[in-house]
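There are 2 protein chains.
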Amino acid sequence: MAMTSNKATWIWYPGDYEIWLGNKMNNRRTERGAFFPPFWKSDSHYVTVEFSTEVELAEAEEITIAVEGVFNIKLDGKLQFGQPETFLLPAGHHHLHIKVWNQATPPALFVEGATVKSNSSWKVTFEDKEWIDESGKASDTSATVYMQAGAWNFTREERPSAYTLCRRPEEAVSVEEVAGGRLYDFGRETFGYIVLEGLQGAGEVALYYGESPEEAQDTAYCETLDRIAVAADTVTDLATGVSNPLAERYTLGNSKAFRYLYVTTEGATVAHISMEYEYAPVAYRGSFKCNDEELNRIWKMGAYTMHLTTREFFIDGIKRDRWVWSGDAVQSYLMNYYLFFDSECVKRTTWLLRGKDPVTAHTNTIMDYTFYWFIGIYDYYMYTGDLAFVRQIFPRMQTMMEYVLGRTNQNGMVEGMTGDWVFVDWADGYLDKKGELAIEQVLFCKSLETMALCASLVEDAEAERYYAQLAATLRAQLKPAFWSEAKQALVHNRIEGVQSEAVTRYANMFASFFGYLNPEEQAQIKHSVLLNDAILKITTPYMRFYELEALCALGEQEAVMGEMKAYWGGMLREGATSFWEKYNPEEQGTEHLAMYGRPYGKSLCHAWGASPIYLLGKYYLGVRPTKAGYAEYEVRPTLGGLEWMEGTIPTPQGEIRLRMDRQQLTLTATEGVGWLYLPGSEEPQRIECGQTYTFNLN
Amino acid sequence: MAMTSNKATWIWYPGDYEIWLGNKMNNRRTERGAFFPPFWKSDSHYVTVEFSTEVELAEAEEITIAVEGVFNIKLDGKLQFGQPETFLLPAGHHHLHIKVWNQATPPALFVEGATVKSNSSWKVTFEDKEWIDESGKASDTSATVYMQAGAWNFTREERPSAYTLCRRPEEAVSVEEVAGGRLYDFGRETFGYIVLEGLQGAGEVALYYGESPEEAQDTAYCETLDRIAVAADTVTDLATGVSNPLAERYTLGNSKAFRYLYVTTEGATVAHISMEYEYAPVAYRGSFKCNDEELNRIWKMGAYTMHLTTREFFIDGIKRDRWVWSGDAVQSYLMNYYLFFDSECVKRTTWLLRGKDPVTAHTNTIMDYTFYWFIGIYDYYMYTGDLAFVRQIFPRMQTMMEYVLGRTNQNGMVEGMTGDWVFVDWADGYLDKKGELAIEQVLFCKSLETMALCASLVEDAEAERYYAQLAATLRAQLKPAFWSEAKQALVHNRIEGVQSEAVTRYANMFASFFGYLNPEEQAQIKHSVLLNDAILKITTPYMRFYELEALCALGEQEAVMGEMKAYWGGMLREGATSFWEKYNPEEQGTEHLAMYGRPYGKSLCHAWGASPIYLLGKYYLGVRPTKAGYAEYEVRPTLGGLEWMEGTIPTPQGEIRLRMDRQQLTLTATEGVGWLYLPGSEEPQRIECGQTYTFNLN
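So the protein sequences, as listed, match chains E and U. All the letters of the first sequence, read from the start, carry residue numbers 9 to 706 under my numbering. All the letters of the second sequence, read from the start, carry residue numbers 9 to 706 under my numbering.
Keep in mind the hints are simulated off the structure, nothing from the lab. Among the hints, a few may not be true.
[As the list claims (entries may be wrong)] No more than 35 Å apart at the CA atoms, straight line, and that leaves these computed lysine-lysine pairs for DSBU-like: (1) K442(U) - K131(E); (2) K125(U) - K32(E); (3) K145(E) - K495(U).
Make the full structure from the sequences, and use the hints.
Listed below in structure tokens is the structure:
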């Protein structure tokens, strides 16, 4: 939402702080003691930024000024002496410009007076073009590009560059001696900084982290580790080379994901080991409960998985990669709307994924991830109604789409070129990535539609026409290019104009819930593809998300309930304490831990594992916005085989609470106008906010 | 030149260190105690850079590694533990990748082993696209864009981010008590850090700098000043807020340009004031001497002006703006080739002026400055033969030209759009900037020719054809659009297809020495424009540079000698100790100090003031390269009214020495093949290097 309060807050160039903070976060990944930054372009902030506002003061007002960087103040075009902490604004109408330079961290500003306060109503530019002519006259800056300032919720004391997540101490639930070392179990998947107390002697302490006990104890193959050298008066992190004076407590410099920790020592001894759990201080605004305890456990573990992966940004998994990935993030956003409704984290993640111009690669280098990036913005607008953000990000949407349009083939379709990663999914079976993939065109088409919609939101009629025309042209080609009457489905791809024989679930499920198929075709693919076991099975929660969404959208909630209990319940039965990156029920034992050719390569806490959060909120409780920001919304509750369910769906400023069993439905909302579709009815009931409605279902 | 030695040196992403250092330098500008950064986009470095090389080792070799940033090492695709200071490379053929992250300063690397050494033969990329598939197989990175690393001459101990110019202490030549303060005279224009010794008491010291005594004493209007607060145990710079413990010596944190310093104190006292002169350690490789002592003084003062403005980069003037400006720089480059031959400073300045993509404005926001930027690169190649640099910069030349081509009108010509500064020159008279200016098209055409030439150098035949075609089309339009038979000249501009009545010198002089006019037209404009006092006079050394070059190119060395003595000699007679930004001989007294509506706005030490350095070297000693890097060169010496002259012209690896009087000419060169045109002859004599030639001129 746009900043509406009249509180002063730190401001910056929109996206710049997010990109800077994101680099810090992405670059905390390590692999067996090696620093492991992303392989795509890491962008940086504009180093010189001008902040400005106009004030109308009844009387003179003293403002206090805090800055991250070197700065100057211009009052009505006149430079002022020095870099003062306070400044007296005279009464009357004035133009205030503050220009800040900072190479290391984003230029940021905090201004506070009785009425003048820095917030997102201030304007910013990275290029003010304020030259003078030979008489000293200032230039015409009407072509200068100003943006509304970026902001979050930082108070004066909370310097943006010093931001950190919260921490709290936690103890292991058990310790046992194993093969000359000690194995600590922290009880469930967790994340934080190991704390070593009472270090003594001279030698090394080695820490091997594991999401499983097998991983922690496999010192040669565990994915992450730390090595500490202890000397008479110093402790040195051997991976980073950073030394600290020896003290009673030594906290590791980098956080790790683990449940188990295996510790060996040589020469040195350590008296006690604990951890500082690190977490984002999000509120659990959404809830779900029902008569099925397994489903309740699934929801709770989904929420915990989301909490672990909701950090400065929505990351993929906490052990590895700890990076922001667009395909993962777009799902985190959707789950987030039914759990934390943390809009700021969606915006931060969207900025970071986009980075700066020029675009030199697809988002995360992955073609499909570029498209999810676009789609995520329209979702964000629908759930939050935050038009100010659409206005800020739209120019970067345009340059991102220019990049895509610069890489289309003679049919106006996208094909993987060298340097493009055509991902789709991790599959246990061959996925052809050559030629025109149906799923990529479907996502591309939806992205073009998103561009047209966002262009209309920012009132750029010319851009709206342009993107709408491109979308319409591509959409008209989808069925001629990919629909096979013989297979009653969209085929997987087309190479040099020839449809392949392969049918996969991907394009069919997206085309179905995007509304690109007519009801008859939807009915066909439900049986020919979605419910057809002969079609390559999906073994990642990532694509199961869309597969089950497609089935829910086709009214198959009961079938999906069975799938959820089988698939996510399957992970529970395997002992999961958070949901996994990939789960193939046909695998056994430590096969579940392996991926990427490495015995513990798989992430056992992966955001995309948490999709029941979203499915239960949107397709069982049945709530979704129909006008931006829940100005209006619909509720289509479906028990899907449950006896009863109850839950809360957060909205931007309020919530919707629902309880339903086979007899009765109770509904309360504190925001927006709802349209409730009782089971079996297409006649909605209007729901006003602030009232409690009870409906008899018999 | 490309690095050919086998010494290890620090390396970085080409242009990134230069941009970072340039921000530091540009941002040292202050105006009366206010921080004054540029009004164009300040770019930044790629924060994550991968450096790589391939090695072939007969035996294992230990390398030492120094890094500015956090880093990892990958040997043959395998990540190594930690960030070690030494690493053992095994014998055999290996791929070594080192990836560095640094937000605050450019990622930089120094590697040294018996045979493996970091230098510009290493490759760098900001986006390695090294993802893996689900089996752990690495991606195809054949589309990854690698560049040759950027480098200069830093040894292991010289961390690039710690680079500073040299300093030496200097004393004032006189001090006098004036109106309650003290006026220090340092004898001539100078630059550096004021040193206060023996600070005592509690109160303030105010320092007012002046290039003239009037400026220093005018505390309300001098362009730069410092204010220091002295307390019992601290000294505080009131402009920056930076405090230091009180000590015997206090050196100001920022350098200033001045000859005079006016100091007032209140409460505090200061025992002694001196300065630390700051300078670039350049060698005076070029020289000029003749029988005319005034001309010798002009050359020496030109050299001193050049030395003061040759710093980390070639800046405009030392008092104000202390910025890198393209129009100023392109002249500094040319003077530099006849004085210091500091190639690195040309490259640094070129990188900084260009910045990074995307291009959001003309260079320094000025249309003409964009074109000088292109032209400077071809000059650089001709003088140095440094093809490696052309290869590094060519991609940014292309994106810069894309920007220009995206702003042409229906005639393919450039016109100032809002946000474009059409500068041309500071003129004492009206200069129309509307419509199609002839000079802008002439410079644009030369820029397109430069693009075609550089495309051929990097062997991009398609780009060469493209730019050559654009250049030819534009060139064919120049005379139809701007030549007036009635005026026997190119008119100043054309608005909506109609030639204006105005004729100015600008387009005519450039078109003349670019060879865009035929000999008959050249002869016409010499009289109708260049030697015609009715045409608006040029009052900046900046455009006098080209005006006199055009006359020299037309064989008017005797007339130009008179102009040099009148114009630059005029500044000498006004008491100049370095050459000025602007000089109108018709002004009187303190009128010479004013500019931009400010009484001391004018810079009295401006690089573009030093053009005699270039004119004397190129058109009197008569030396210029005809094949890149002085592989071949021509010498066309002309006394231009002098009795004798002698001088040295530096070449990349050597020099050309010449002495001439009316009877005899002696010539020696230590590099290249020369073609000497004796006065009055078009039959050149071949000059081999290493020999001394003497010719009788009677």
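Hint by hint, here is what the structure shows:
Annotation: proposed proximity of K442(U) to K131(E) holds, straight-line Cα distance about 30 Å (limit 35 Å). Among the hinted pairs, K125(U) with K32(E) is consistent with the structure: their alpha-carbon atoms are about 30 Å apart, no more than 35 Å. At roughly 33 Å between alpha-carbon atoms, K145(E) and K495(U) fall within 35 Å of each other, so this suggested pair holds.
In this structure, every one of the numbered hints holds.
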